[in-house]
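A.B. asks: The residues making up each chain are set out below.
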Amino acid sequence: MLNYSSSGLDLVFAALSDPSRRAMVERLGRGSASVSELAGPLDMSLPAVVQHLQVLTESGVILTRKVGRVRRCRLRPESLRSARGWIVARQEAFWKAGLREMDRLLADEDRKTTRKEKKR
Amino acid sequence: MSSGIEARVTHRFKASPERVFDAWIRPDSARRWLKAALMEMGLAGDIRRVEIDPRVGGTFFFSDQRGDEEARHWGRYLEFDRPRRLAFTWITDPSEESKLSTVTVTIEPDGDGCVATLVHEMDAAWAEYRSRTEQGWSRMLGAIAHLTDTSNP
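Protein sequences, first through last, are from chains W and A. 55 is the number that our numbering gives to position 55 of the first sequence; each next residue is one higher, with no gaps. 112 is the number that our numbering gives to position 112 of the second sequence; each next residue is one higher, with no gaps.
Simulated from the structure, these hints should not be mistaken for laboratory data. Keep in mind the model is a prediction, meaning the values are calculated, not measured. A portion of the hints provided could be inaccurate.
Said to hold, decoys possible - Among the chain A residues that face chain W by a calculated CB cut under 8 angstroms, a handful are:
id: 1; residue: Ala-36
id: 2; residue: Leu-78
id: 3; residue: Ile-144
Yeah, the Cβ is synthetic: ideal placement off N, Cα and C, and Gly gets one too.
With the hints as extra help, turn the sequences into a complete structure.
C.D. replies: Set out below in structure tokens:
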């Protein structure tokens, strides 16, 4: 029904399901950052940060690049846009189906009323 | 207010605005449309509870059985202007994380029927629920909305 690659989206949603990773993503929304800059405000070990960054990289939410001895990270906004498109399309399908059924219900009632009127 | 993840749907009815408005707040109708909408999502649509207190500030509560779990949908009517406009919060908790959103239905007369426009603001933050919006799902939607808006070409 929807033309979004579900495996890619699963990875994006899984990546965003963790509060520390969301904090990193929000930080990267303000511009690229080094691994230590990302780790700064978080209360966790550097290896833990690196592990989170790996999940974010594999999901396609961020890109990392080594500049000299420093690894820098930046956001891939297109990955979030596809997640957004999927959420919206799914919710629209939900309400569309609901409205269609409401329409059917009202049409059913109209038919019943017409039958009653004919009987009279 | 909206930074916007927004679903928008319109539907034309061959029925009066009053009947369409009432279809939103009648329990028998809610059972039917909710079942159809849930089935569209690939769920069984096994509706259990439907409770509606149709007035501004009134609440509604729906639930459907999903295996061992009873999934809940509830909200509060924010605007109640029959037959033109209905707005409500729409909260669901199929998972451990709660979502908060608002739905506005506008009904305009159109020939022998009417057109209903539904706008679902999926990352709306209403003061009443501020603490709730700090939770996971809403935060995630918020992050997606914010980052995709600021990075739009």
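A.B. asks: Determine for every hint whether it applies to the structure shown.
C.D. replies: Right, here's what the structure says about each hint:
This hint holds: A/Ala-36 has a C-beta 3 angstroms from the nearest C-beta of chain W, less than the 8 angstroms allowed. Checking A/Leu-78 against chain W: minimum C-beta separation of about 17 angstroms lies over 8 angstroms; hint violated. Among the interface hints, the one on A/Ile-144 holds; its C-beta lies about 5 angstroms from the nearest C-beta in chain W, closer than the 8 angstroms criterion.
Against the hints set out earlier in the document, a violation occurs for number 2 only.
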